[in-house]
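Chemist: Protein sequences, first through last, are from chains A and B.
Here the first sequence is numbered in our numbering, starting from 1 and rising by one per residue.
Here the second sequence is numbered in our numbering, starting from 1 and rising by one per residue.
Any given hint could turn out to be false.
[To be verified] Just a few of them, taken from the derived set where beta-carbon distance is under 8 Å, the chain A residues facing chain B:
1. Phe12
2. Asn35
3. Cys37
4. Phe54
5. Pro129
6. Pro132
Derived by calculation from the structure, the hints in this document are not laboratory data.
These numbers come from a predicted model, not from an experiment.
All residues carry an ideal CB built from backbone N, CA and C; glycine is no exception.
In case you want the letters, here they are:
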Amino acid sequence: MILSEKGWQTVFDRIKTWARVNSPWVIHFNSGSCNGCDIEILATITPRYDLERFGVKLQGSPRHADILLCTGPVTRQARERLLRVYEQMPEPKFVVAIGSCALSGGAFHDCYNTMGGVDQVIPVDAYIPGCPPRPEAIIDGVVKLLQKLQQGEKAEVGDQKPGELS
Amino acid sequence: MQTDTQRERFTIPIGPQHPALKEPGHFRFSVDGEIVTGATVRLGYAHRGLEKLAEKQNWVQNIYLFERVCGICSHTHATAYCLGVERLAGVIAPPRAQAIRTLVCELERIHSHLLWLGVSAHEAGFDTLFMYSWRDRETVMDLLEALTGNRVNYSVNVLGGVKVDVTEEIAQAIYKGLDFLEERTHHYLQVVSSDASFLQRARGVGVMTRQQAEVMGVVGPTARASGVTRDIRIEAPYAAYADFPPQVIVDERGDLEARFVVRLKELLESYRLVREILARLPEGELTVRMPRRIKSGETVSRVEAPRGELFYFLKSNGTDTPVRVHARTPTICNMTSVVRLAVGHQLADVPLILAGIDPCFSCNDR
Ligand code: SF4
Chain A
1 MILSEKGWQT VFDRIKTWAR VNSPWVIHFN SGSCNGCDIE ILATITPRYD
51 LERFGVKLQG SPRHADILLC TGPVTRQARE RLLRVYEQMP EPKFVVAIGS
101 CALSGGAFHD CYNTMGGVDQ VIPVDAYIPG CPPRPEAIID GVVKLLQKLQ
151 QGEKAEVGDQ KPGELS
Chain B
1 MQTDTQRERF TIPIGPQHPA LKEPGHFRFS VDGEIVTGAT VRLGYAHRGL
51 EKLAEKQNWV QNIYLFERVC GICSHTHATA YCLGVERLAG VIAPPRAQAI
101 RTLVCELERI HSHLLWLGVS AHEAGFDTLF MYSWRDRETV MDLLEALTGN
151 RVNYSVNVLG GVKVDVTEEI AQAIYKGLDF LEERTHHYLQ VVSSDASFLQ
201 RARGVGVMTR QQAEVMGVVG PTARASGVTR DIRIEAPYAA YADFPPQVIV
251 DERGDLEARF VVRLKELLES YRLVREILAR LPEGELTVRM PRRIKSGETV
301 SRVEAPRGEL FYFLKSNGTD TPVRVHARTP TICNMTSVVR LAVGHQLADV
351 PLILAGIDPC FSCNDR
């Protein structure tokens, strides 16, 4: 059977989605968080919680990553860097904001030097609340994002608010 | 044309997003071939302006805020802050509360040192040790969660006392967890002082002499690994450390291996201390009444964080909000040593030298 050009496109798209869902590489950026969320992200990839069983790999370079795990309220100095990391990631890219302060500024909401959340700077696809969220919550958030990808619907940019994913 | 003698010098920028570090800091190393000839550091990416915010909030709200200076040593920050405010108000927390504070301080030190062991093993390219130590660290995280209800920011302190109590059940769980950890720590101690590939990365690398340590004013385990006997828990006992004195662990060698050994031995010391506190926990109240307005005055509060001396300055003008709160954290004291020690080493050794001081940028930048 010879497929039409469109047919091939569909097949390719399916393969791409399959690959993306089964081995998403994540990068972690700390935009001025208190570390609490960062150690929980690390705890998530270590043996007790083992996020790697979903094929998730923590990656050092933004150019290799599909998902940006971002913590912190985005300080003014980190803002440029966050934008640059985001721009360096290949399309399609997804952003997960982890922790209350990445969602809204949290405890640092009134600080003079913070932007008040990751979605003030870059579009966010999934929000994981908690100060810090438990590793289970982080896994849950990432898995929900993966399910979304599987259904092929890229989340509308900046469209979701905390809690809407569940 | 280039000859061998006039080789080009490169400057290598690292960070703020960097695979080896989980936190933002920016470094510039000038290298000659593989050898580092100069280093500079730029900090401040995690500066949020906490101290300024503290002036807008009242004394009680600030406990929540100062716990979030650093997620790794959150209890230490809150303890330093609360002890300072209590001193200003002329209130002393009851003995049981002080003992529980000390208990959580030591549990936090255990979690922090295990975390550090994993992260620096990762820097040394020893990911197996990273995974094992983080697996074991979950034991103490469980204990902290059972005791306080949270894995990271424990919220144990209130002004004038603590809000959690140690029940017999939790005490038994802690004893059991510590037995397991103690056995593992002996194993790690053996690994870091005998594994050949690990020793190649650590032994004789990043040596800081005692004199250098004193001149640069490094603090905490980094200083103690260079033979400087400095520990606030002994020099100026706070909370219940006067009743439960720890032993100072020092090592004269000053290299990276010594920093591993010192921190691991401190773990063993912490296990002993936690057991002792549990065995002799004073009875009594958990809190005393605190006035809402704090008498005007200023004070200094020092505690020994897992990374070294933590220093708080507090000033009150008699209202319910502080006039000034300042925190000086151990990382800033230790950071100079990285810039100095990196020179002359291979670029590949630098991440491990940096990890050796157990840097915490979010404490440092606040
Ligand atoms: S959400 Fe809480 S724990 Fe996480 S980085 Fe912010 S302040 Fe720290």
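Chemist: May I ask which of the numbered hints given earlier this structure violates, with the numbers listed in increasing order?
Modeler: The structure conflicts with hints 1, 4, 5, although it agrees with all the remaining ones.
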